[in-house]
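Participant: The lines below spell out each chain.
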Amino acid sequence: MKCYIGIDLGSTTTKSVIVDEQAKVLGRGITNSRSNYDTAAAVSKQEALVAARFTLFRRALSATPALAGRVDGLLVDLERHFRLVQFRAQLEDLEETCLRHSGGLRFAGQERALAEALGAVFRELREEAIALFAPGARRRSDFFRDLAGSGFMTAAEPVCKASGLSFDLMLNVYDKSIIEVENRKGEAGMDGKFLEALDSVLRTRAAGGAAAGPPLVADEVVRPVRAALQIPLEEVYVVGTGYGRVRLPFPKEHIRSEILCHGLGAHLMHEGTRTVLDIGGQDTKAIQVDENGIVENFQMNDRCAAGTGRYLGYVADEMQMGLHELGPMALQATKTLRINSTCTVFAGAELRDRLALGDKREDILAGLHRAIILRAMSIISRSGGIRDQFTFTGGVAKNEAAVRELRNLVKENYGDVTININPDSIYTGALGAAAFARRGAAA
Amino acid sequence: MATITTAALVARCQALFDDISFGAARQWKAAAPGRKVVAYMPIYVPREIIHAAGMLPLGILGAGESLEVIHGDAYYQSYICRIPRSTLDLGITGRLDFVDGFLFPSICDVIRNLSGIWKILFPEVYVRYFDVPQNFDPEVGGTFYRHELQELREGLARLAGSPISDDALRASFALYNRNRRLVRELYAFRAEAPWRVPASELYLVQRAGMVLPVEEHNQLLADYLAAARAEERPRRDNCRVVLNGVFCEQPPLSLIKAIEMSGCYVVDDDFMLVNRWLLEDLPVSGDPIAALATAFLGGSTETGAKYQPRRELKGRYILDAVRASAAEGVIFAAPSFCDPALLERPMLEAVLDRVDVPHIGFKYAENSAQMQPVREQAGTFADSIKLWSAP
Amino acid sequence: MTASAPSHRSPVPVREVVKEASMVKQKEMIARNYDLLTSTAEHGRKVASTFVPGNLNELIMCFDMLNNLPEINAIQNGMRKLSGDYIAEAEKRGHSEDVCTYVKADLGMIAKGNVSPNGKPLPRPDLLLLSYTGCFTFMKWFELLREEYKCPTVMLHVPYQGDGETTKNMRDYIVKQLRQEVIPALERVSGVKFDIDRLRGYLRESARAEDDLVWVLESAKNKPAPIDAYFGGVYYIGPIFTAFRGTPDATEYYRLLRSEITERIRLGLGPITPEGDMKSQKYRLVVEGPPNWTSFREFWKMFYDDGAVVVASSYTKVGGTYDLGFRHDPDHPLESLADYCMGVYTNRNLPQRIDLLEKYMDEYQADGLLINSIKSCNSFSAGQLMIMREVEKRTGKPAAFIETDLVDPRYFSAANVKNRLESYFQMIDQKRGSAPSAA
Amino acid sequence: MTITAGIDVGTGCVKVALFETGGGAPRWLGRRVERIRQRNPYALAGDAFDALLEEAGLRRGDVAYIATTGDGESISFATGHFYSMTTHARGAIHLDPSTRLVLDVGALHGRAIRTDARGKVLSYKMTSQCASGSGQFLENIARYLGIAQDEIGTLSLQGTAPEKVSSICAVLAETDVINMVSRGISAANILKGIHVSMAQRLAALVRGIGVLEGTVLVTGGLGLDRGLVAAIQEASAEAQLPVQVRSHPDAIYAGAIGAALWGAFRHEKLSARPPGALAS
Ligand SMILES: Nc1ncnc2c1ncn2[C@@H]1O[C@H](COP(=O)(O)OP(=O)(O)O)[C@@H](O)[C@H]1O
Ligand SMILES: Nc1ncnc2c1ncn2[C@@H]1O[C@H](COP(=O)(O)OP(=O)(O)O)[C@@H](O)[C@H]1O
Ligand code: SF4
Ligand code: SF4
Ligand code: SF4
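Protein chains in written order, with our numbering: chain Y, 3 to 445; chain L, 58 to 448; chain A, 258 to 696; chain V, 10 to 289.
Excised from the complex, chain Y in its bound form (with noise of 0.2 Å):
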């Protein structure tokens, strides 16, 4: 099968966007690019393959009568499933590394203690971890280095105490493991990932039990997974795009900019759109397009990242709190507190100055993100304003109280607009780039 893949190597994500020849979109995968951008592009690419596979299962599911209207319910534990084995793995690893690292000159004298330690700590995390991906769960990121990193968080503390070892020893190992656990690229035995996650399916569901669904005929469901998985996922034309672009190892035809990415992204994706924002890890563009996806005018930050989406991150880290909270939080806010500085760096201290003037969290939380916010009508105006339809992409899109305050202030000044939020936004620049590699094979 014929792939066009587009890479958005963001600074803080990387994304991956597979379609097929009729300019379906196959698949989409995200990782961390917080780590080497090679890696980070491979990785997002094998996880839109992975995407691209459960695509397939669907297609060829839904192909097989006997399964009608339990083809959704399914896939959803399927990936469920692949999800914990794929985290397991990478646990398992992570508890390698870590004991590997407890052994340098830092830790002379505590070897023993911290290997004892370590292994409290991956126990709870391992049994954790069925919690995590449980069915309905909600998880704060979907990221290892998020998930494990918290996890690792929240179960060292005690484990320290009661040991009586320096919890700032003990994160150091984990800081010094995560990054080469991250930067594994960990291809092989995909197929068998899929086929252990199907196995677990079908024993948790013939065990029975409350949230098990109900059992499934084990033939006739291995025998089209095993089928999609034999159509092989050729890679016809790649471009790349996004802030690390000129470090991929593409050509320069295969690379666009990302204002134009994006641009022709949030045409794909809601045909309509003539304005798009896109609030990124370390930018914030404002893009005016013309009813074909060409782009007519631009508007970017320049060399400051204040009010970007990386403002966000610290304030989370400072918070200790996972991405996905803030905007859940920021919505809980009684009042807006007022907050000029959107310096990313002395956020966390002006957070910390508000909470000590007894400022509540959400308040300062909606303020911060209004301020965010503000920053981009700024640039939007300044790109010449909000046209209908107005398309919110990036990962910043995600959060609702940036949307929230998006469409307040939306409606205050440019009055009623439609505004288009995808669940997918993020990817936006990612599609445009798949869609301009399928131009790109055919020129």
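Worth double-checking, as some hints may not be accurate.
As the list claims (entries may be wrong) - Just the calculated beta-carbon pair ranges, DEER-fashion: (1) L/T62 x V/R152: 52 to 58 Å; (2) Y/G138 x V/R192: 39 to 45 Å; (3) V/A52 x A/K338: 36 to 42 Å; (4) L/R411 x A/R302: 33 to 39 Å.
Stated by the list, open to error - Distance condition first, Cα-Cα at most 25 Å in a straight line; then the derived BS3-like pairs of lysine-lysine: (5) Y/K413 x Y/K400; (6) A/K654 x A/K478; (7) V/K173 x A/K675; (8) Y/K254 x A/K675; (9) V/K173 x L/K443; (10) A/K480 x V/K134; (11) V/K278 x A/K349; (12) L/K314 x V/K134; (13) A/K407 x A/K369; (14) A/K338 x V/K173; (15) A/K654 x A/K539; (16) V/K129 x L/K93; (17) Y/K254 x A/K558; (18) Y/K254 x A/K688; (19) A/K688 x A/K616; (20) A/K675 x A/K558; (21) A/K338 x A/K303; (22) L/K371 x A/K349; (23) Y/K337 x Y/K254; (24) A/K536 x Y/K254; (25) A/K276 x A/K303; (26) A/K407 x L/K371; (27) A/K349 x V/K173; (28) A/K377 x Y/K254; (29) A/K539 x A/K688; (30) A/K284 x A/K558; (31) Y/K4 x Y/K254; (32) L/K314 x L/K443; (33) A/K303 x A/K284; (34) Y/K187 x Y/K4; (35) L/K371 x V/K129; (36) V/K278 x A/K369.
Stated by the list, open to error - Stretch by stretch, here's where chain V covers chain Y in the computed footprint (C-beta under 8 Å, at least three residues): (37) 38-46; (38) 177-184.
No lab work stands behind these hints: they were computed from the structure. Everything numeric in this text was worked out from a predicted model, so none of it was measured. Using N, Cα and C, we set each Cβ at its ideal position, and we do this for glycine too.
Use these hints to put chains L, A and V with the ligands onto chain Y, whose structure you have.
Facilitator: For chains L, A and V with the ligands alone, kept in the frame of chain Y given last:
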């Protein structure tokens, strides 16, 4: 005994200050048919002419920290001061829709270019770039300026719909003379007893003069003076400073307060110089236009936005201010990216260094939120005077 | 505010693929001028420091004085990668990060020995002739220089065209200042008596060169454009905006240049770049704003590598808007100096600037407007976003905005500029591609 | 004998110092530093102060002057407040009397303070509001690289080919660093690169303030970072500043020390003054 307290007066001024929709000026305009309002920006315009035409001069000093600027940033890059962008935002959001004329005085290239932007965005408004001579010879600069004033007078008369008579001008002179006298008196009183006139209060009372008719402002000044004289206030262990560089974009009120709270009494400043531009009374007889010109050429205040033809006099005004107000030091506060203030500063510093007057300097924006560095610097300044002066 | 060909000692040599006679001539003129300036001890001629916009070169020559232009020195230092240090020096001496870097580069240069591109120290000026036109910062700059040199300073205040026109009052004011302040000051300093006929002679010479300059700049209306009216343009305006206007040298330079360009048009050649003749011309641009000098070559390369040629620029009008018809006029010498001063690009109000750019977009058949916004320069920059909107609105052509600085290397972010330019070019492409086949 | 305390509330840590003065050199009674880590710094300051008093066998009432500095203006139990530059100058002189310039480098700020031999602030310069090149930034990067705070200095000293951090923005600089990791640059060289760029900014402050000789004492938390101190020395030498850059094991306490000592001074001055002369 004054019947009105400073607190009540200041509260009124604060309300005027907070109202970025200019309700007071709107009310004034609505009170009688045909009234018109002419806005102006820093640093100096002859408000007497506007007043004499029966119109309300309205001083615009940006939107301060309370307005969330959205559109203004579409017109200005990050390395340009904030006052033009917040002013534009006031315009674009309709907060200045009652303004019939707008004067942009010669202070710097930013305001100069803003006059052009205003012409394009608000074609229905009478917009004039008001040039003043940088040549102070009565024959050369004076002739030019008299013509400019005459043109302004004619332009404003057209806007007002009737000519501006000499008598009307002289009557306005008298009112503004009184205003300047009261302001001078207030400054003198403050320099004498700065704990009785906190910097933020003096600021607000002065600032009220930007939006109130001069008659009302005169009353306000007189009331405040009387009230301040009547009230005792605790005196703190603060040092005395002159604040310089704040003549255009305004620092947030919290910054003015932060300076005082961290141990510095402000005993002179260059806020709203338009109130103090002419150093002497305008004669209320003779040719009024000539009088305005003469006062400007020979008897107006000095600042970074004005040329000083004689090198030996350059920057002397800061020393004069220090001496007149018995200050112990100078705080230079300038808007970020403000060429007139920031390029002037080293020359002023040199003058102070020659006679060992200590000084510090920092930058601000009208929406600066972090007062920490300001407190830090003003506080250290005050500390050093506190710790090192004789007990 | 203009470039002149980098001096013969320039550490960033042009790869001399083609060395046209005019280039040789210009280099020689500039070198000679610096040699004159740095040998006043020998020949005893007096020196006036003055600015490019509204400079009174003809008048200065009437007093046998030499003309030293701090802006040009700053540019030279920018191109020779010295300005960064000079700016740091000025900041160390208390100047703010925020202010115009020309001023700081100049003050830093003085602090570090005031060495001219020929390696010898520049003389202390005998007169600071402050032509206060088009830029407020000039006034502060010369007040600061006056502290440095403690020499006579004379101010020529040129009123701004706030209402988009010059009035009799404005002109009279300037002429009066020339008569009563500037000329007497020049006489006092030089000891030479003013001779108005001598001035007429120089003005006549100026007008000749001005005709050819206009022809050169307008040659970019051809397709392909034989010149780049921005990166090349800054060289072409050198002589006329600086110490050579009114000299036979300048006239000769423009005559040579004109004949060379005539030849290029005949051969259908594009502009000469540091890497030889520019090949394909895919985008025709109008540029507003001064260039960046510290990375001038790198900046230019981003254009010609992608096939972008600048067909008209406002920057080449900072020393006079000759293409709008103004010529120095020997019959009205002082009045024409006044008109010249009032007419320089940055002394025009924003609506006039927009009109001019719109006219360029049409007359030069440009694909778009590019604004290079300079952090230093409020005179140019405050209002450029408005300009961009209006021109876009009126012409329907796309505009782009980049931000750099004149001579502060810290504010040239090559990656950023390139990113924007590439996006802009791809955008023009995409727009073109779609236009006919939209359906 | 007078007992005074200095409490320095920073953005990263709270520091408390307890001194006894009168009759000869001031004497340390105790010191304490607490990382703030999302806790309320004012409450933390109170707790740390009380814990320190307990260690020394004292009560709040025994302290003649409790002086705050840093962000401690609003601490209610303090006698008075001195601003950071005032206290760092004094603290630095106490730690090293040959100090003529204090470089106070903390979590979010950098300041150069010129002082005379008595600890009087003569002039100062601060890094701009922007947070790039701050201690916080270094801390973030170190965590990212998996390096503990006290390892930073040692590692950086091993760097041989420092990798330049080009971005002026801390966030963008972080991306720079990530790039470096992906290019296989060693942690030592990355850290050294950050130290070098921080040191250049700091040396520019030193140069800007016009100090030409004597000791530059690096105070604040980053005074403990030997790599940074070495880099500042190198950068100063490069800028041809004939100064000695040093630190002190108690450098992080400089502010608290200064506050305690100025408190003692002020206490004496005030005791000599008729009561109620000033309301404050
Ligand atoms: N699930 C989420 N909830 C809230 N915010 C998110 C979420 N995912 C990402 N973000 C925000 O989006 C930013 C990354 O956006 P992205 O468009 O991927 O940036 P880039 O392309 O620069 O990597 C993060 O810094 C974060 O603030
Ligand atoms: N041992 C150490 N080595 C290196 N840096 C340290 C060490 N201890 C603390 N720091 C740094 O010092 C900073 C705190 O310094 P400090 O002067 O207390 O700042 P503040 O006053 O702003 O809290 C922290 O950002 C931390 O990075
Ligand atoms: S703040 Fe300064 S630069 Fe800005 S408009 Fe006012 S005078 Fe001009
Ligand atoms: S502000 Fe602009 S015009 Fe004025 S001196 Fe600087 S660069 Fe030249
Ligand atoms: S202000 Fe903050 S976000 Fe902006 S450049 Fe500086 S560190 Fe980066």
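Participant: Quick one, are A/K536 and Y/K254 close enough, alpha carbons at most 25 Å?
Facilitator: Given that 25 Å is the threshold and the Cα spacing comes to 20 Å, the pair holds.
Participant: Given the hint that Y/K337 pairs with Y/K254, test it: the Cα-Cα distance must not exceed 25 Å.
Facilitator: violated (50 Å)
Participant: Is the hinted pair A/K349 and V/K173 satisfied, with a Cα-Cα distance of at most 25 Å?
Facilitator: Distance of about 23 Å is within 25 Å: holds.
Participant: Can you tell me whether the CB distance of L/T62 to V/R152 sits inside 52 to 58 Å?
Facilitator: holds (56 Å)
Participant: Verify the proposed pairing of A/K407 with A/K369, using a straight-line Cα cut of 25 Å.
Facilitator: Holds: A/K407 and A/K369 sit about 18 Å apart, inside 25 Å.
Participant: Given the hint that A/K539 pairs with A/K688, test it: the Cα-Cα distance must not exceed 25 Å.
Facilitator: holds (13 Å)
Participant: Need the status of pair A/K675, A/K558: alpha-carbon distance at most 25 Å?
Facilitator: Holds, at about 10 Å.
Participant: Taken at face value, is the distance from the CA of A/K675 to the CA of Y/K254 at most 25 Å?
Facilitator: Judged against 25 Å, a Cα distance of about 14 Å means the pair holds.
Participant: Do the alpha carbons of A/K284 and A/K558 lie within 25 Å of each other, as the hint requires?
Facilitator: Judged against 25 Å, a Cα distance of about 22 Å means the pair holds.
Participant: For a C-alpha distance cap of 25 Å, please report whether A/K654 and A/K539 respect it.
Facilitator: holds (15 Å)
Participant: A/K407 and L/K371: Cα distance at most 25 Å?
Facilitator: OK: A/K407 and L/K371 at ~12 Å, within 25 Å.
Participant: Hinted pair, alpha-carbon criterion (25 Å max): Y/K254, A/K558. Please report holds or violated.
Facilitator: holds (17 Å)
Hints 3, 9, 10, 11, 16, 21, 23, 25, 28, 35 and 36, counting from the list given before, are not met by this structure.
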